[in-house]
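Asks: Please put together the full structure from these sequences, using the hints given.
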Amino acid sequence: MTEALTTLTRGVVRENPVWVQMLGLCPAMAVTTSVANGLGLAIATLFVLVGSNVVASAIPIPERARLPALVFIIASFTTTIVLILEAFAFTLYERIALYVQIIVTNCVILARADGYARNNPPHRALLDALGVGLGFAIALLALSALREVLGSGTLFAGMEHLFGEMAQDWEVRVLPEGARFPLALLPPGAFLIAGLAVAALTPIKRV
Numbered sequence: 001m002t003e004a005l006t007t008l009t010r011g012v013v014r015e016n017p018v019w020v021q022m023l024g025l026c027p028a029m030a031v032t033t034s035v036a037n038g039l040g041l042a043i044a045t046l047f048v049l050v051g052s053n054v055v056a057s058a059i060p061i062p063e064r065a066r067l068p069a070l071v072f073i074i075a076s077f078t079t080t081i082v083l084i085l086e087a088f089a090f091t092l093y094e095r096i097a098l099y100v101q102i103i104v105t106n107c108v109i110l111a112r113a114d115g116y117a118r119n120n121p122p123h124r125a126l127l128d129a130l131g132v133g134l135g136f137a138i139a140l141l142a143l144s145a146l147r148e149v150l151g152s153g154t155l156f157a158g159m160e161h162l163f164g165e166m167a168q169d170w171e172v173r174v175l176p177e178g179a180r181f182p183l184a185l186l187p188p189g190a191f192l193i194a195g196l197a198v199a200a201l202t203p204i205k206r207v
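Numbered continuously in the working numbering, the sequence shown closes out at residue 207.
It should be emphasised that the hints constitute simulated quantities derived from the structure, not laboratory data.
There could be a bad hint or two in this list.
[Said to hold, decoys possible] Pairwise CB distance ranges (calculated):
#1 R64 x L183: 30 to 36 angstroms
#2 E63 x F163: 42 to 48 angstroms
#3 R173 x P62: 54 to 60 angstroms
#4 R14 x N119: 17 to 23 angstroms
#5 T105 x I84: 38 to 44 angstroms
#6 R66 x V172: 46 to 52 angstroms
#7 T2 x C26: 16 to 22 angstroms
#8 A200 x E86: 33 to 39 angstroms
#9 A167 x A65: 39 to 45 angstroms
#10 F72 x G178: 31 to 37 angstroms
#11 F191 x R10: 23 to 29 angstroms
#12 R14 x F191: 54 to 60 angstroms
Where a beta carbon is used, it is the ideal one built from N, C-alpha and C, also for glycine.
Replies: In structure tokens, the structure reads:
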């Protein structure tokens with residue numbers, strides 16, 4: 001139980017792919033202008049990460065076919081989540097389409113499938129994928145929330161594009177119009193906020 005819990009929680013804090021390993025920064029910087037966008041990409045990444053890890057662990061892959069086989073597995077799950085988003089959350093998908101489609105080249109997913117899943121049984125690969133996926137999701141959501149509040153003055157705007165009509169009233173006005181900080185929605189603002197977050201988490205990484 002302790003080993004399983006360690007495997008699950010390792011990717012959330014001590015090996016967080018964004019804040020600690022500094023991986024997946026391109027999508028993290030690009031789509032986190034709102035919580036809805038960040039959550040959409042987090043769900044898509046978690047889906048691909050879990051699926052590819054479990055399959056890579058369960059199927060014996062010859063060493064000489066390792067890389068193309070893993071890319072094919074990841075691409076298959078990426079295509080699946082793209083079709084799901086197109087069918088059920090098309091408006092949100094239009095906003096994050098590019099970064100969902102290039103999940104197949106996400107170094108976080110390929111690294112876990114190749115470096116961990118292939119060398120461990122499926123149940124451990126599943127726990128590892130869940131931990132890393134949750135860590136990635138937490139990083140995206142934290143960055144998204146900060147940028148949306150500072151840049152737009154709102155929180156949970158556009159959640160109806162992900163959860164349907166029941167989420168139309170979820171938007172919360174946090175800051176008045178005159179108190180916004182538009183730079184937070186631009187790439188320089190994203191790097192500034194991410195840099196401050198990394199600095200704040202440095203003591204945790206040393207534990």
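Asks: Now, for every hint given, state plainly whether the structure supports it.
Replies: Hints versus structure:
Checked against the hint of 30 to 36 angstroms, the C-beta distance between R64 and L183 comes to roughly 49 angstroms, which is inconsistent with it. E63 and F163 have their C-beta atoms about 44 angstroms apart, which keeps the hinted 42 to 48 angstroms range intact. Taking the beta carbon of each, R173 and P62 are about 57 angstroms apart, inside 54 to 60 angstroms as hinted. Range check, R14 to N119: about 20 angstroms between beta-carbon atoms, so the 17 to 23 angstroms window is met.
In this structure, T105 and I84 break the distance hint of 38 to 44 angstroms, their C-beta atoms being roughly 20 angstroms apart. Look at R66 against V172: about 47 angstroms separates their beta carbons, and that is inside 46 to 52 angstroms. For T2 paired with C26, a C-beta distance near 35 angstroms fails the hint of 16 to 22 angstroms. A hinted range of 33 to 39 angstroms for the beta carbons of A200 and E86 is consistent with their spacing of about 37 angstroms.
Hint check: A167 to A65, Cβ distance near 44 angstroms, so the stated range 39 to 45 angstroms holds. At about 52 angstroms, the CB distance of F72 to G178 disagrees with the hint of 31 to 37 angstroms. Remark: the range hint 23 to 29 angstroms for F191 to R10 is upheld by a beta-carbon distance near 26 angstroms. The hinted window of 54 to 60 angstroms between R14 and F191 is violated, with their beta carbons roughly 23 angstroms apart.
The earlier numbered hints that this structure contradicts are 1, 5, 7, 10, 12.
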